[in-house]
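Asker: All chains, please: the whole structure from these sequences, using the hints.
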Amino acid sequence: MSVHVSDDTRRGPRGQTAFGTLGAVTNHLNSSPARRAVRALALTPAVLLLTAATPALAAAPDTWEKSPSVSALHFLLIVLALPAGLFVLISLLVYVPSLKKGERYQPGLAWRNQPEWFGGPSAGVEAAELQDPAAIEAGADERGGARAQW
Amino acid sequence: MPSGDAFTAAQRRDIDKAIRDAETLCRFEFSVFVGASEGETRPFAERLHAALVAPARSVLVLVDPAARVVEIVTGAQTRRTLDDAEVRLAALTMQTAFAAGDLVGGIKTGVMQLAEHARRPRLLHTEG
Chain C
1 MSVHVSDDTR
11 RGPRGQTAFG
21 TLGAVTNHLN
31 SSPARRAVRA
41 LALTPAVLLL
51 TAATPALAAA
61 PDTWEKSPSV
71 SALHFLLIVL
81 ALPAGLFVLI
91 SLLVYVPSLK
101 KGERYQPGLA
111 WRNQPEWFGG
121 PSAGVEAAEL
131 QDPAAIEAGA
141 DERGGARAQW
Chain F
1001 MPSGDAFTAA
1011 QRRDIDKAIR
1021 DAETLCRFEF
1031 SVFVGASEGE
1041 TRPFAERLHA
1051 ALVAPARSVL
1061 VLVDPAARVV
1071 EIVTGAQTRR
1081 TLDDAEVRLA
1091 ALTMQTAFAA
1101 GDLVGGIKTG
1111 VMQLAEHARR
1121 PRLLHTEG
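Line order of the protein sequences matches chains C and F.
Per this note's numbering: the first sequence = residues 1 to 150.
Per this note's numbering: the second sequence = residues 1001 to 1128.
By construction, these hints were calculated from the structure, which means they are not laboratory data.
Cβ atoms here follow ideal geometry from the backbone N, Cα and C, with glycine treated the same way.
There may be inaccurate statements among the hints.
Said to hold, decoys possible - With a straight-line Cα cutoff of 20 Å, these simulated EDC-like cross-link-like pairs (lysine to aspartate or glutamate) come out: (1) C:K100 / F:D1005; (2) F:K1017 / F:E1029; (3) C:K100 / F:D1102; (4) F:K1017 / F:E1116; (5) F:K1017 / F:D1102; (6) F:K1017 / C:E129; (7) C:K100 / F:D1014; (8) F:K1017 / F:D1005.
Unchecked claim - Footprint (simulated), chain F over chain C, 3 or more residues, beta carbon under 8 Å: (9) 105-112; (10) 115-129.
What the hints assert, rightly or not - Listing some non-contacts, in silico: residues in chain C with all C-beta distances to chain F over 12 Å: (11) S32; (12) A37; (13) I136.
Answerer: See the structure below:
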């Protein structure tokens, strides 16, 4: 069975691919003077624009209304009091719902609340202090549990 | 120095309800202590656990927001159904909620998770 080999990849007489025997590759290193002139002509408008531009005049046109001068107090009000007011407003919007719900715990703040025992004995924490340490120690193997820290 | 109450009345009701639900789900008793522990957390949690009515059949959850520690103690009988790996999972759930500042939510989900694991009957026929 013959396998078709395309002309491109057929090997030459010396075992080389046809790509290895590429002929002269032209490289337009030396362009003609006419070409150079056309290129310079095309660049002229850009160069003219860059060099001929004059700096813009800073004065406002006379037809514009004269703006009243701003006092230092007014300036401070806009630059400092307004952002500060927004800061307070946003903080309130964030904290008020949780305060209303009665969230008393904020992670990172010290805990200063009374201990609370749900489903504990009626004597409370005092009952725990009356426990015999030896008896607790004895049951250590039978007890299980886990611990996590946050 | 301890000053105010940690929970509002509604939150207290929520936690009580979670404990009651957990106790009806499995046959064990649940108890949650929220507050600063006296001394080391683990020995303190074990003392609290020993002070319960039926320690062997009880699960104690100690939440110490001051030390940022949650300790869970299971009794001898409880441990047979609720092994330490399952308790660790519940502790992890609570840890995540507490770190986000949700004390009540963490207690509720943690207790329910413990109860769900404790409810699962042990498959006796798989043991030799």
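Asker: Now look at each hint and say whether the structure bears it out.
Answerer: Do the hints match the structure? See the list:
Annotation: proposed proximity of C:K100 to F:D1005 holds, straight-line Cα distance about 15 Å (limit 20 Å). Restraint check for F:K1017 and F:E1029: satisfied, since their Cα atoms lie roughly 13 Å apart, inside the 20 Å limit. For the suggested pair C:K100 and F:D1102, the alpha carbons sit about 15 Å apart, so the restraint of at most 20 Å is met. Between F:K1017 and F:E1116 the CA atoms are separated by roughly 15 Å; this keeps the pair inside 20 Å, and the hint holds.
A distance of roughly 17 Å separates the Cα atoms of F:K1017 and F:D1102; the hinted pair therefore holds under the 20 Å criterion. Pair hint F:K1017 plus C:E129 does not hold up; C-alpha atoms about 27 Å apart against a cutoff of 20 Å. Taking the CA atoms of C:K100 and F:D1014, the gap is about 16 Å. The hint holds against a cut of 20 Å. For the proposed pair F:K1017 and F:D1005, the alpha carbon gap of about 19 Å is at most 20 Å, so the pair holds.
Judged by the Cβ-Cβ criterion of 8 Å, the region 105-112 of chain C is covered by chain F as claimed, because 6 of its residues qualify and three suffice. Under the rule that three or more residues need a Cβ within less than 8 Å of chain F, the assignment of the region 115-129 of chain C holds, with 12 such residues. With a minimum CB-CB distance of about 76 Å to chain F, C:S32 clears the 12 Å threshold, and the non-interface call stands. For C:A37, the condition that its CB be more than 12 Å from all CB atoms of chain F holds, with the nearest at approximately 74 Å.
Here C:I136 does not stay apart from chain F, with its beta-carbon only about 5 Å from theirs, under the 12 Å limit.
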